[in-house]
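**Q** Keeping their order, the protein sequence lines are chains A and B.
Numbered according to UniProt numbering, the first sequence spans residues 1 to 110.
Numbered according to UniProt numbering, the second sequence spans residues 1 to 113.
Treat each hint with caution, since some may be false.
EDC-like cross-link-like pairs, simulated, lysine to aspartate or glutamate; straight-line CA separation at most 20 Å [as the list claims (entries may be wrong)]:
(1) A:Lys86 <-> A:Asp66
(2) B:Lys81 <-> B:Glu59
(3) A:Lys56 <-> A:Asp66
(4) B:Lys102 <-> B:Asp88
(5) A:Lys60 <-> B:Asp10
(6) A:Lys51 <-> B:Asp22
(7) A:Lys33 <-> B:Glu35
(8) A:Lys90 <-> A:Asp77
(9) A:Lys56 <-> A:Glu69
(10) B:Lys90 <-> B:Glu59
(11) A:Lys40 <-> B:Asp22
(12) B:Lys7 <-> B:Asp22
(13) A:Lys56 <-> A:Asp77
(14) A:Lys56 <-> A:Asp73
(15) A:Lys40 <-> B:Glu78
(16) A:Lys33 <-> B:Glu33
(17) A:Lys90 <-> A:Glu80
(18) A:Lys40 <-> B:Glu47
(19) A:Lys40 <-> B:Glu31
(20) A:Lys51 <-> B:Glu78
(21) B:Lys8 <-> A:Asp77
(22) A:Lys60 <-> A:Glu79
(23) B:Lys90 <-> B:Asp10
(24) A:Lys40 <-> B:Asp88
(25) A:Lys56 <-> B:Asp10
(26) A:Lys51 <-> B:Asp10
(27) A:Lys33 <-> B:Glu47
(28) B:Lys27 <-> B:Asp10
(29) B:Lys7 <-> A:Asp57
Estimated spans, in silico, between C-beta atoms of each pair [to be verified]:
(30) A:Phe68 <-> B:Pro106: 34 to 40 Å
(31) B:Trp113 <-> A:Ala46: 56 to 62 Å
(32) B:Arg5 <-> A:Leu9: 53 to 59 Å
(33) B:Gly107 <-> A:Leu30: 31 to 37 Å
(34) A:Glu26 <-> B:Ala50: 16 to 22 Å
(35) B:Ala17 <-> A:Ser102: 36 to 42 Å
(36) B:Ile112 <-> A:Ser53: 39 to 45 Å
(37) A:Ala46 <-> B:Gly82: 14 to 20 Å
(38) A:Ser53 <-> B:Lys102: 22 to 28 Å
Derived from the structure by calculation, the hints contain no laboratory data.
Glycine is no exception: its CB is placed at the ideal position from the N, C-alpha and C atoms.
Below are the chains, spelled out letter by letter.
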Amino acid sequence: MSVPRTRLLDLMKVQCRIFSHTFNPEGLRLGNKVLRQRLKGPVLAAYYPRKISTLKDLRKAYSGPDGFEIPNDDHDDWEENHKIIKARGKGAPKKKRTAEESKKFKGKKR
Amino acid sequence: MSMFRAKKLDLGCFVNARVIRDHTKRKVFAEHEAERQALRYIIRNMELPARTRAQAQLELSQMHCYTRSTQISNRCTEGGKGRGVLRDFKMTRFNFRLNALKGLIPGVKKGIW
Numbered sequence: 001m002s003v004p005r006t007r008l009l010d011l012m013k014v015q016c017r018i019f020s021h022t023f024n025p026e027g028l029r030l031g032n033k034v035l036r037q038r039l040k041g042p043v044l045a046a047y048y049p050r051k052i053s054t055l056k057d058l059r060k061a062y063s064g065p066d067g068f069e070i071p072n073d074d075h076d077d078w079e080e081n082h083k084i085i086k087a088r089g090k091g092a093p094k095k096k097r098t099a100e101e102s103k104k105f106k107g108k109k110r
Numbered sequence: 001m002s003m004f005r006a007k008k009l010d011l012g013c014f015v016n017a018r019v020i021r022d023h024t025k026r027k028v029f030a031e032h033e034a035e036r037q038a039l040r041y042i043i044r045n046m047e048l049p050a051r052t053r054a055q056a057q058l059e060l061s062q063m064h065c066y067t068r069s070t071q072i073s074n075r076c077t078e079g080g081k082g083r084g085v086l087r088d089f090k091m092t093r094f095n096f097r098l099n100a101l102k103g104l105i106p107g108v109k110k111g112i113w
């Protein structure tokens with residue numbers, strides 16, 4: 001027992017309507033495969049990690065003479081250490097302001 | 001190209017000129033993808049008049065090269081290198097090794113048998 005082609009086509013039409021496919025019994029090239037593809041742009045654009053705001057940025061934006069006080073442990077540690085070094089006389093030398101001062105120890109030592 | 005580049009850097013990983021360029025290309029591609037797909041659909045649709053399809057072909061070929069997906073290449077997020085990048089970890093093989101040995105990559109363990 002064979003089923004007539006028209007009946008099969010009708011069935012296909014209904015199937016396409018239900019599953020929202022394109023009804024294309026002749027197999028024409030309608031370019032629907034392009035429309036079926038998913039957009040991959042958002043995934044590709046998210047490849048590199050974006051900048052996130054750090055505590056440093058927060059401090060830069062809000063702390064100031066009349067802003068909030070945001071504690072900075074690293075800087076406090078540095079300051080304490082710096083004080084100790086200075087007290088031991090191991091700090092950096094004073095900046096030379098004039099040409100004469102900077103010339104004082106220059107030149108060949110005989 | 002400079003006209004596509006973001007005015008302010010929005011990257012949180014290793015940054016060099018090539019990473020910025022690739023990032024820019026990615027963003028431009030994402031922006032123009034729908035337009036490109038529409039043109040591709042017109043070109044592939046045999047039902048449409050030949051003239052329309054030829055016009056679409058021209059238009060697609062004359063779009064800026066930054067809007068093409070083939071311009072994008074995966075680069076290392078740790079060192080910006082373009083070769084030997086493991087896709088799953090977005091890192092070159094050496095950076096992957098360093099991070100894996102340090103235990104910074106979840107679920108990765110050195111094989112011993």
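**Q** Given the hint that A:Lys56 pairs with A:Glu69, test it: the Cα-Cα distance must not exceed 20 Å.
**A** Answer holds: A:Lys56 to A:Glu69 is near 13 Å, not above 20 Å.
**Q** Between A:Lys90 and A:Asp77, does the CA-CA distance stay at or below 20 Å?
**A** Roughly 17 Å separates the two Cα atoms, so the pair holds.
**Q** For the pair A:Ala46 and B:Gly82, does the Cβ-Cβ distance stay inside 14 to 20 Å?
**A** 19 Å, holds
**Q** Does B:Lys8 pair with A:Asp77 here, judged by a C-alpha cut-off of 20 Å?
**A** Status violated; Cα separation ~33 Å.
**Q** Between B:Lys90 and B:Glu59, is the straight-line Cα distance small enough, at 20 Å or below?
**A** At roughly 34 Å apart (the allowed maximum being 20 Å), B:Glu59 and B:Lys90 break the hint.
**Q** Could you grab the alpha-carbon distance between A:Lys40 and B:Asp88 and see if it respects the 20 Å cut-off?
**A** Holds. A:Lys40 to B:Asp88 sits at ~17 Å (cutoff 20 Å).
**Q** Sort out whether B:Asp10 lies within 20 Å of B:Lys90, counting only the CA atoms.
**A** 18 Å, holds
**Q** Sort out whether B:Glu31 lies within 20 Å of A:Lys40, counting only the CA atoms.
**A** 11 Å, holds
**Q** Taking only the CA atoms, is the gap from A:Lys40 to B:Glu78 under or equal to 20 Å?
**A** 24 Å, violated
**Q** Would the pair A:Lys40 and B:Glu47 pass a check requiring their Cα atoms to be no farther apart than 20 Å?
**A** 27 Å, violated
**Q** Against the range 16 to 22 Å, how does the distance between the Cβ atoms of A:Glu26 and B:Ala50 compare: consistent or not?
**A** Check passed, 19 Å falls within 16 to 22 Å.
**Q** Keeping to a limit of 20 Å between CA atoms, is the pair of A:Lys86 and A:Asp66 held or broken?
**A** 31 Å, violated
In the structure shown, a violation is registered for the earlier hints numbered 1, 2, 10, 15, 18, 21, 31 and 33, in ascending order.
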